[in-house]
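Student: Protein chains in written order, with the working numbering: chain X, 1 to 183; chain H, 1 to 267.
The set of hints was computed from the structure by calculation and includes no laboratory data.
It is possible that some hints are incorrect.
Unchecked claim - Listed next, the in silico EDC-like pairs over lysine to aspartate or glutamate satisfying Cα-Cα at most 16 Å (straight line): (1) H:K3 x X:D91; (2) H:K5 x X:D49; (3) H:K251 x H:D236; (4) H:K3 x X:D49; (5) H:K251 x H:E179; (6) H:K233 x H:D148; (7) H:K112 x H:D136; (8) H:K233 x H:E179; (9) H:K112 x H:E260.
Small disclaimer: the values here were computed from a predicted structure and weren't measured.
The chain contents come next:
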Amino acid sequence: MNLFKPALILSFAFLAVFGEATLPAPRHWLGAQIDLLPALMVYAALNADIVTVSLLAVLGGLWFDSLSANPLGVTILPLMVAGFPIYFRRDLILRGLPFAQLVLGAAASALVPALTVLLLLNGGKPPLIGWGSLWQWIVMTAGGALATPVIFSLFEWCSHMLGYKLRTEVSFRSDREIHRGRK
Amino acid sequence: MFKQKNYLALGAVVFVAVVLLSLPTRATARLKLAVGSWFLPLFGLANAGQQLPADLADSVLPRRELLQQIDTLRRENQQLKSQAVQSAAMARENDQLRNLLGWQRQVPWRLKLANVVMRDPANWWRTIQIDLGSRDGIQTNQPVLTTDGLVGRVSSVSFVSSQIVLIGDPNCRVSAVVENATHDMGVLTAGGPLDTSLVQLSYLASSANLKPGQNVLTSGLGGVFPKGIPIGKIVDAQTIEYGLATEARVKLNANLGALEQVWVLFK
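Sequences and hints are given; from them, build the entire structure.
Tutor: Now the structure itself:
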């Protein structure tokens with residue numbers, strides 16, 4: 001089993017959560033921090049196996065919640081809810097098209113924070129929400145949507161540079177070559 | 001078989017999430033600290049990243065400007081020294097008078113400087129992480145401030161870091177008093193999700209005499225925040241609940257959006 005892709009996805013998720021906690025620039029400029037985990041989940045759901053998708057939901061959610069005031073585990077379900085339907089129907093999705101990646105990234109980035117806030121409200125731990133949250137939600141959706149094709153390109157590049165090359169079978173065999181003409 | 005494997009994975013993830021969410025608060029807090037400690041090796045990286053621009057700016061500053069800064073700081077230091085001598089004399093006098101009246105002695109504040117290393121990645125909370133933990137003697141509910149005013153309180157502590165819940169977060173409520181003739185008291189509650197500089201001062205009496213620019217300080221009630229820490233200034237006020245209560249907006253003195261270093265107060 002090739003563990004390169006799962007390891008790459010999980011490492012990126014770890015660094016993405018760390019980056020979200022340490023880089024204040026989006027919050028200063030746009031008023032909201034952009035979450036890269038939903039965009040990464042879209043990539044994992046379209047290109048990795050179900051174990052990787054599940055691990056990304058569990059570990060990504062745990063890492064995010066551990067640095068946040070969220071109750072531990074509350075982000076796991078929204079990530080899985082975003083990733084599982086995409087994984088289930090991935091054969092019908094044109095995953096190579098940047099527009100498809102953009103739309104799926106937007107949908108996942110809109111769904112994950114909305115579901116998380118819903119879970120928090122149901123769990124009796126009301127978060128800080130108001131009319132300004134609508135703007136934050138739009139920023140998160142747009143940011144996640146734009147980040148998804150970038151993540152796809154980045155992972156393709158990483159797989160190309162660092163991953164195993166596919167062994168291509170060619171029909172040519174030197175021992176079966178027909179030599180024409182006289183020797 | 002293919003579908004069964006998918007549903008098994010989905011079931012496992014749902015099971016993990018439900019188990020984590022239904023764990024007792026204490027166990028969750030410990031688990032959270034354990035998972036959060038995975039990021040410890042990157043703390044240094046974050047610090048270095050924050051210091052890099054400052055170091056770069058220092059290295060390109062001309063010598064003349066540095067000398068000017070040293071001169072200004074020397075003068076400021078002399079002024080502060082003379083003020084410290086004066087305030088020490090006043091403190092002694094205050095203690096003597098308190099002794100004469102039989103009042104309890106005031107304990108001087110002990111402060112510890114901490115670097116802000118992380119912010120809450122979620123947009124619906126206002127928390128930060130600092131690089132002081134239980135090894136530095138930090139405990140939960142210790143007040144956190146800057147030279148401008150109150151910032152928040154310690155909400156959870158790990159060995160090397162602590163989480164601070166900032167004013168304006170739903171989990172940080174502060175009993176406050178307005179510096180006016182009637183000393184109106186209220187509770188600082190959550191602010192808006194976008195503007196970190198404004199918070200609500202609620203539960204004020206309907207007769208509260210509030211004017212823009214009046215100072216808001218901690219009242220000392222509740223036992224978490226000592227009395228007299230500056231918080232901010234009144235922006236505006238309005239009566240709510242059909243005139244039964246008053247609510248005011250307070251502009252915080254401390255800039256919560258640009259915190260780099262904070263002071264943790266030891267009582």
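Student: So which hints don't hold here, by number, going up?
Tutor: none
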